[in-house]
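Enquirer: Residue strings, one per chain:
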Amino acid sequence: MFKYFKEILSGFWSLVVGMGITLRYLTKKPVTLIYPKERLPIKRFKGPIAFVTDGKTGDHLCIACNACIKTCPSRCMSLVAQKSAVDGKRVLTDFKVNYMLCSLCSLCIDVCPTDALKHDDPNYDMVSLTQKDLVMDLLEPFRAKGTPLTQIPTVPAAAVAPKPAPPPGPA
Amino acid sequence: MPLAETQEFLEKDPKKFGVGSEAVVSPDRIAEVARDYRKQNYFLECLTAVDFAECFEVVYHFNRWGASERTCVKILVPKDVNQAPSLASIYKSADWFEREIYDMFGIIFAGHPDLKRILLPESAEIFPLLKSFKGEPKGADVVQSLKLIEEDARGFGARLQGAGLEEAPTGDYYLNLGPQHPSTHGVLRVLLHLDGERVLSGEPIIGYSHRHHEKMMEIQNYLACWPNFGRMDYVGAMSYNFGYALLVEKAMGIRPSPRVEHIRVLTTELNRITSHLLWMGTFLLDLGAFTPFFYCFDDREQILDILEMATGERLTYDYFRFGGLDRDVPPELVPATKAFIPGFKKRLKDYHGLVTKNVIFEKRTRGLGVLTKDQALSYGVTGPALRACGVRADLRRDEPYSIYPALDFDIPTAKDGDVYSRYLVRMKEIEESLKIVSQILDKIPAGEIKTKTPKNVPRGEYYSAVEAARGVFSLYLVSDGSLNPYRLKARTPSFSNLSAIVEMLPGCLVSDVVAVLGSLDIVLPEIDR
Amino acid sequence: MTELVKIILFGTLVALFVSVNALFLVWMERKVSARIQLRRGPLHVGWEGLLQTVADAVKLVSKELTLPKEGDKFLYLLAPALVFAPLLAAFLVLPLGPGLVIRDLNVGFLFVTSLTNITFIGIFIAGWSSNNKYALLGSMRAVAQNISYEIPLLLSTMGVVLIAGTLKMSGLVAAQEKLWFAALQPAAFLIFLCASLAEANRAPFDIPEAESELVAGFHTEYSGMRFALFFLGEYTAVFISSAIATTLFLGGWRGPLLPGPVWFLLKTYAVVFVVMWIRWTFPRLRSDQLMNFAWKVLIPLGIANVFLTAVVLVFLK
Amino acid sequence: MTPGPSLQHDPKYLDTQSPAPGVANLFRVEDVLNLARAHSLWPLTFGLACCAIELMAGGASRFDLDRFGFGVFRPSPRQADLMIVAGTISRKMVPCIKTLYDQMPAPKYVIALGGCATAGGPFKYPGQYGILEGIDKIIPVNVYVPGCPPRPEALIAGILELQKQIKSGNAKGVMSPAAVDDAQDARPAEYKNAMSRAEHRKLLLTPPTPAPAAPTQG
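Protein chains in written order, with my numbering: chain A, 2 to 172; chain B, 31 to 559; chain C, -4 to 312; chain D, -18 to 199.
Think of the hints as simulated: they come from the structure by calculation, not from any bench. Ideal placement from N, C-alpha and C gives every residue a C-beta, glycine not left out. Some hints could be false.
Restraint ranges, calculated between C-beta atoms of paired labels, are given here [as the list claims (entries may be wrong)]:
#	chain 1	residue 1	chain 2	residue 2	range
1	A	L41	B	E38	54 to 64 angstroms
2	A	L41	B	A61	50 to 60 angstroms
3	D	E11	C	A265	40 to 50 angstroms
Now the stretches of chain B that chain D is said to cover, found in silico as 3 or more residues with beta-carbon under 8 angstroms [said to hold, decoys possible]:
#	stretch
4	74 to 83
5	259 to 273
6	293 to 302
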């Protein structure tokens, strides 16, 4: 009998303690971030892959060496390089990242010999209505600015573009 | 049977290969060997197969609780025989492992109680981990999936009838919990056989989140496997990073700098706390308490801020590299962590007041879903679920890696093996991890965070295990010396832990099923891989 | 003729009040839960999200209505009405202020408890006619729960009725002129609170619609407006239970300075707040524990309370 | 869900294929309804993989989807308006998702959260056997939210984008049975052939072991 009442009372007390805690939280200030108005200071978050802009020339640093493309675990990058009509060097004419497939692992940034790639930190909340927008052209901003590297005339017969290997046969 | 007398017996260096010895026995004697090990209280840690040109190698890893004494036993299954004896009657954990091997390689296990597909849909016609399987032609996925929509719908009815599971007029019936159900923590399906609300039996059906990690890793180079380890167990991804880093570093024979080691342990333990917090929140959500979920997530967000400072990611970390790290931690990380700890300790007290001592919570969880030590051994249960049965087993102590031996922390245990014990163990583990974090904070030495490493792993077979948030995560690597792994098997803790639920469900009510399921802390993509 | 006008007038008023009240309660629930959980809750639709629930209601009205093919269609359509109608009728006897009661029946209290209790028939029909196992499990639980908790609910109020000596709602309020019954009968008040939570299927007794176990319980198969009726019903039931608690234990519309109806609503919303506060604090009970709690704790305590009250009353006389 | 996944044309199952409700086709009324719909998107409680955790984080205190009225997670598809496909779609799961979508009452919207639900994400490789490369192959998608996983902010941005779409009155999802051309020179998968075990053992046990390859950046 005594145990019965003790159990009820201790149980009741535990409930009161719980309600006390929630009441205390009720009076606290919410931690909510009013997102579209307020934004977290994002400094090191890995956003989509983008080109680093050279401080001096305002150009990208890519030398079209294909290192990132060989490393990318998700096979989401592709580049086209052509021979320069001026000095015969390889010139980047197209660099695409399929952001839909990217796993943001930064392996491409690791292997890049010229540190030409970076994570575009502020661009963390992009959304899209079509899939096409999500295949990102990394050269686009440079073309728009008309930086020197994007204006080198190239040999039209793009002989230097890496040949795709034959697709694997069906099992 | 002394293994030393068998063919191809090798003593190996556990520091490098992860196993103390390795032997090949003939298939008809493996049951005898396993029975021997079972008697000596070894559990079947990992069971997998490797496809060679002339035969399959079925690889068994036995290990012990307490100080690790791992041994590897193999049997050779010729391709034309394609049959191996089943160990399901000796080790219950072999049941699912063998089904997985059948699913992936097509090896038949004689004497298995119910050999059927486990990860792939039952209508699948492929054995994907065979080396002769070179992928499906492009575009097959849509056609295949749409075909599946019809087949699966038909298949379910057929399976009910085929297995003699028609709904009898006696009042018992079958209920599908999942794959879309608020409390299955992802896409698990549990087929419950019920009498009223009382569970007669329950069968977990997995594979709804199968993401072909193992096949994928075979066609990628070692570096490109990193993202896979961030996504297998996305809640405690740092431990998985750790496991893979250890495996390859051991095989290549490189040692990261002390700075790297410290940062690794720091981030792993912080990640362990987030994992336990997420578990706690969702587990209480299963029990119908909403508010703790939000408090847990609030704390978790704060830790994620710290981890984001270090890694740049919130969830699927690809932070470790061979012999190093992806990026160095910023200087503001240490003060941020220090600022976080006192508030979190206060919050832990609130959790105890709100949950641990709550009479409803206690009544709901005490004495429920009891797992005995013997069952835990048989099912190969590891991690907090095992420690809740009173077994002091934690690889951070038993098979020390990185800087764990130098750190001061306890291995919390509980004795009842019920849902409440599992809760208590995890709560204490949060405190222990916090202890580790505060120890390391002041001691992070300066140093390099990247090491030059070879591109490939020397030929050989390597095994490496770490204590992840959910239990023992281990990797078995067969390397042919090339740039890609020849076979990389991931033994994930939840896979074995979940299989033990069969023992815990009978006699429960439907409400308890959710509680038991929640208490195991499963992460589906880690189980299905 | 005037009688008919009165009926229509009051009917419209009650219906209007019920809908506005339910919308307000849903908003309040979301705000209270949000603040307990360190969140802001509805914020962007209207001032502090006040129009949020209006948007929800309009959306629910515009949703497609589904019909289970193998279910019992007639009963399926009937169930939401069966849940909602008795709750509307319960407003007949609630004394909002001095003389402000539609029908002051002399068995008013019995009338209101019996009306709120028959909603479970609607719930059971909903679960049964949906032809869904989760729904059926939920409705079975609802029946078991309601039958068990009716007893402590009535037992707890017997003490009050003994003291007041009437079943008339206005009489019960009048009897609390000096002292609230919550102070005279604290145990009864707590038992009543528990039982009425269970009657209204509120957490921690919300097992018929236990989201984490039974998906959405008895209304798993209901969509759009029909689902909204259940939602509306739940909040109206909470309001009515709180109103009864106010009338029985908290002195009804009595209070200084402010007019009666204001006091009545204030007290009722305070009780509703407590109900919400309880919901967002505790885990859910299991169905067998729920029964145990009713039969082994609430009913014995209720009987003891009635007995003690009776003894004390006899001695005072 | 009742037993097992079911077909959209399963005559025995619930009738979900009725057209959108003809409550009112008047221009103004439809506008009001759209406004209400846009501000009351109740998502289906439903997570597939990693992104589901970020979805939960989105509902939790810091980001609080409930501010916009998106926080009412309904576990039953009958009461949900919005399906957030969060995570990798394994082929075994495809029939279930299709069923769930069919069970939702119109008007219904879909957000593909994360790379996997958008196009297969990191799990796509030539010859993959396990996943569906994008949810838009089986159900129409309104908004894509890329990222691996996307931050909760991105999810909110996605829902707000959908809100805009609904308000403007043309929230038509798109289906794209064919994938967008990904990389121009997608690396082929290097499927290995089975090696001989005897040879493997021989090479393994004969000292000296092969010299390690030239060091590279790791």
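Enquirer: So is the stretch 74 to 83 of chain B in contact with chain D by the C-beta rule, three or more residues under 8 angstroms, or is the coverage claim wrong?
Expert: holds (count 3)
Enquirer: Quick check on a hinted range of 50 to 60 angstroms for L41 of chain A and A61 of chain B, using CB atoms only.
Expert: holds (58 angstroms)
Enquirer: Is it true that E11 of chain D and A265 of chain C lie within 40 to 50 angstroms of each other by Cβ?
Expert: For E11 of chain D and A265 of chain C the Cβ distance comes to about 41 angstroms; the hint holds.
Enquirer: The stretch 293 to 302 of chain B covered by chain D? Criterion: 3 or more residues, Cβ-Cβ distance below 8 angstroms.
Expert: violated (count 0)
Enquirer: Count the residues of the stretch 259 to 273 of chain B with a beta-carbon closer than 8 angstroms to any beta-carbon of chain D: does the count reach three?
Expert: Check passed, 3 qualifying residues.
Enquirer: That 54 to 64 angstroms hint for L41 of chain A and E38 of chain B (C-beta), does it hold up?
Expert: For L41 of chain A and E38 of chain B the Cβ distance comes to about 57 angstroms; the hint holds.
Taken one by one, the earlier hints fail for this structure only at number 6.
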